[in-house]
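Number of protein chains: 2
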Amino acid sequence: MMKEENNLNKKAVILLSGGLDSTTVISIAKEKGFELYALSFRYGQRNNSELEFAKQTAKKNNVKQHKIVDIDLGLFGGSALTDDIPVPKNDGNSVKENEIPVTYVPARNLIFLSLGLAWAEVIGAYDIFIGVNAIDFSGYPDCRPEFINSFQKTANLATKAGLGNKKFKIHTPLINLTKSDIIKKGVELKVDYKNTVTCYDPSNEGLACGKCDSCILRRNGFRDAGVPDPTRYVGN
Amino acid sequence: MMKEENNLNKKAVILLSGGLDSTTVISIAKEKGFELYALSFRYGQRNNSELEFAKQTAKKNNVKQHKIVDIDLGLFGGSALTDDIPVPKNDGNSVKENEIPVTYVPARNLIFLSLGLAWAEVIGAYDIFIGVNAIDFSGYPDCRPEFINSFQKTANLATKAGLGNKKFKIHTPLINLTKSDIIKKGVELKVDYKNTVTCYDPSNEGLACGKCDSCILRRNGFRDAGVPDPTRYVGN
Numbered sequence: 018m019m020k021e022e023n024n025l026n027k028k029a030v031i032l033l034s035g036g037l038d039s040t041t042v043i044s045i046a047k048e049k050g051f052e053l054y055a056l057s058f059r060y061g062q063r064n065n066s067e068l069e070f071a072k073q074t075a076k077k078n079n080v081k082q083h084k085i086v087d088i089d090l091g092l093f094g095g096s097a098l099t100d101d102i103p104v105p106k107n108d109g110n111s112v113k114e115n116e117i118p119v120t121y122v123p124a125r126n127l128i129f130l131s132l133g134l135a136w137a138e139v140i141g142a143y144d145i146f147i148g149v150n151a152i153d154f155s156g157y158p159d160c161r162p163e164f165i166n167s168f169q170k171t172a173n174l175a176t177k178a179g180l181g182n183k184k185f186k187i188h189t190p191l192i193n194l195t196k197s198d199i200i201k202k203g204v205e206l207k208v209d210y211k212n213t214v215t216c217y218d219p220s221n222e223g224l225a226c227g228k229c230d231s232c233i234l235r236r237n238g239f240r241d242a243g244v245p246d247p248t249r250y251v252g253n
Numbered sequence: 018m019m020k021e022e023n024n025l026n027k028k029a030v031i032l033l034s035g036g037l038d039s040t041t042v043i044s045i046a047k048e049k050g051f052e053l054y055a056l057s058f059r060y061g062q063r064n065n066s067e068l069e070f071a072k073q074t075a076k077k078n079n080v081k082q083h084k085i086v087d088i089d090l091g092l093f094g095g096s097a098l099t100d101d102i103p104v105p106k107n108d109g110n111s112v113k114e115n116e117i118p119v120t121y122v123p124a125r126n127l128i129f130l131s132l133g134l135a136w137a138e139v140i141g142a143y144d145i146f147i148g149v150n151a152i153d154f155s156g157y158p159d160c161r162p163e164f165i166n167s168f169q170k171t172a173n174l175a176t177k178a179g180l181g182n183k184k185f186k187i188h189t190p191l192i193n194l195t196k197s198d199i200i201k202k203g204v205e206l207k208v209d210y211k212n213t214v215t216c217y218d219p220s221n222e223g224l225a226c227g228k229c230d231s232c233i234l235r236r237n238g239f240r241d242a243g244v245p246d247p248t249r250y251v252g253n
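These protein sequences, in sequence, are chains G and X.
In the numbering used here, each number is its position in the first sequence, counted from 1, plus 17.
In the numbering used here, each number is its position in the second sequence, counted from 1, plus 17.
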C-alpha cells in the first residue's frame, strides 16, 4: 500500500454509527493509513445496540479517540427513527422508489457533518469520512453527492482552519457502490458484519426485523455479494 | 407595514442567544409579520444568564414556541467560550483587527444553523433568522455573507423540504449594519437592551467585564448611537 503512505500520521474524523456502511468506512480509512478519530451520536434513535457496536468497532480499529455526542433530535420530532411514528414494513423483497420515507431524520447528515467538522478543526484534522451511499439507499437527500460537495464548500467557509491553505475534504468512499460491492469491499478488509446493526426497528433482544427498507437492502446486499448473511433476524 | 403583509402566518425560526444582536433580530422578524419559533442552545458557554434573557425575550415577543437544545460543544474543546482558556482583555477601547480570537467556537454557526434547519423542516418553516454581523464583529469566519450564502445552498440540498419548489432562506438582517445602527434599529423597535447580555466573561453576579472584545463593541455601539448604555459593568 505504498500509494497511501502520504496519509500516515494524518488525522481523520470518521462518522461511525455502528451500521454496515460506517463500519466499512472506518476500515477503508484505516487501510488508507489515517490516524482515526471516531465520532458517534446518541440522537434519540430507537436502536441503542448501534452505539454498542460502534464502541466495539472503534476499539477493534485502534482509534486514537472515540467520542459520543448527545444531541436529542427527537426534540424536533418529524421522523420515525426518533418518534413514535411506526417504521414502515413491506413485502420483504424490495424498497419503494422515488419516495422519501418517514424514517428520514430532518437535516441529520448536515448536523452530524457539522459536529464532525467542529471536532476536526479542534484536533487539526482536514479529512472527514462518512458512509453515505447514493445507489442502494432510501432516497434521503443528504446522501447525494451534490449535498456532500456543497457541504464541503460550506465547511471551508465556516471555519478558521478553512481560511488557510489546507482545505477540509469530505470522503465518501461508498457513495457510488452498490450494497453488495460495499459488503465485498468490507469482507476484503476483514470487517466482521456480525457486529453491525442496520435494522430501523429491531426487537428488544436486538434482532433485526427483516422487513424495513434498511433490512431489505442489507439482506439483498449479502445475497448479491454471495456472502453469508450473519444478521440475526426475528423468527430465524 | 403593508409591504410585509405577505409574511403573515408564515413561520420563521429565530436563533436566539439572548445577546444584543439576536434580541434585535427577533424584533425585526416580528415586525415583518412572521410567526416566531425561537431556538436557543445550551452549548457549554460560560455565560448562563444569556439563556435566562433568551427566555424572557421569547416570551416578550409572544413566540409560538421556544426550544433550548443541549449540545455540549465543550466536548471538543478548542475555545475560550467553552474551555478554561482565559478570555483575552485589552485596553478597553478597541478590538484587534485581522485575527480570529480564542473566543471562536469551531463551526458554531454552522451547527446552530443546521439544528435550526432541522426544526424549520419539521414545522414547515422556510425562513431562518440569525444575527450575524460582518461589520463590527470579532472576525469569525462563520459571520461572513459568503458562509451564509453557501449554507443556504447546502440547506436546500440537505433536506426533503428543499427538494420542492419552496426554498429555505437564511435571513441576516444585521449583516451589514454597524453595532450602533443595530442599536438604533432596536431602539426604534422598542428592544429593551437591559435584558440582553453580550460579555464573554461576566462576573458571578452577571456583571459585564467591560474589557473583552464583545463588551467593547457593545459599549462603543451605544456611544456611537447616542443611546444610554444600560449594561451593568463590574465596578460601575
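You may find that some hints are simply not true.
Since the list gives no way to pick out one identical chain from another, each pair is judged satisfied if it fits inside one copy or across any two copies.
The calculated BS3-like cross-link candidates involving lysine-lysine, where the alpha carbons are at most 27 Å apart (straight line), are [what the hints assert, rightly or not]:
#1 Lys184 x Lys28
#2 Lys170 x Lys184
#3 Lys77 x Lys27
#4 Lys211 x Lys177
#5 Lys186 x Lys170
#6 Lys81 x Lys106
#7 Lys211 x Lys183
#8 Lys49 x Lys81
#9 Lys170 x Lys183
#10 Lys106 x Lys177
#11 Lys72 x Lys184
#12 Lys183 x Lys201
The set of hints was computed from the structure by calculation and includes no laboratory data.
Just so you know, these numbers come straight off a predicted model, no measurement behind them.
Evaluation of the provided hints:
no.: 1; hint: Lys184 x Lys28; verdict: within (13 Å within a copy, 36 Å between copies)
no.: 2; hint: Lys170 x Lys184; verdict: both (9 Å within a copy, 19 Å between copies)
no.: 3; hint: Lys77 x Lys27; verdict: within (19 Å within a copy, 50 Å between copies)
no.: 4; hint: Lys211 x Lys177; verdict: neither (41 Å within a copy, 32 Å between copies)
no.: 5; hint: Lys186 x Lys170; verdict: both (9 Å within a copy, 18 Å between copies)
no.: 6; hint: Lys81 x Lys106; verdict: neither (39 Å within a copy, 35 Å between copies)
no.: 7; hint: Lys211 x Lys183; verdict: neither (38 Å within a copy, 43 Å between copies)
no.: 8; hint: Lys49 x Lys81; verdict: within (15 Å within a copy, 50 Å between copies)
no.: 9; hint: Lys170 x Lys183; verdict: both (13 Å within a copy, 23 Å between copies)
no.: 10; hint: Lys106 x Lys177; verdict: between (45 Å within a copy, 21 Å between copies)
no.: 11; hint: Lys72 x Lys184; verdict: neither (29 Å within a copy, 38 Å between copies)
no.: 12; hint: Lys183 x Lys201; verdict: neither (33 Å within a copy, 41 Å between copies)
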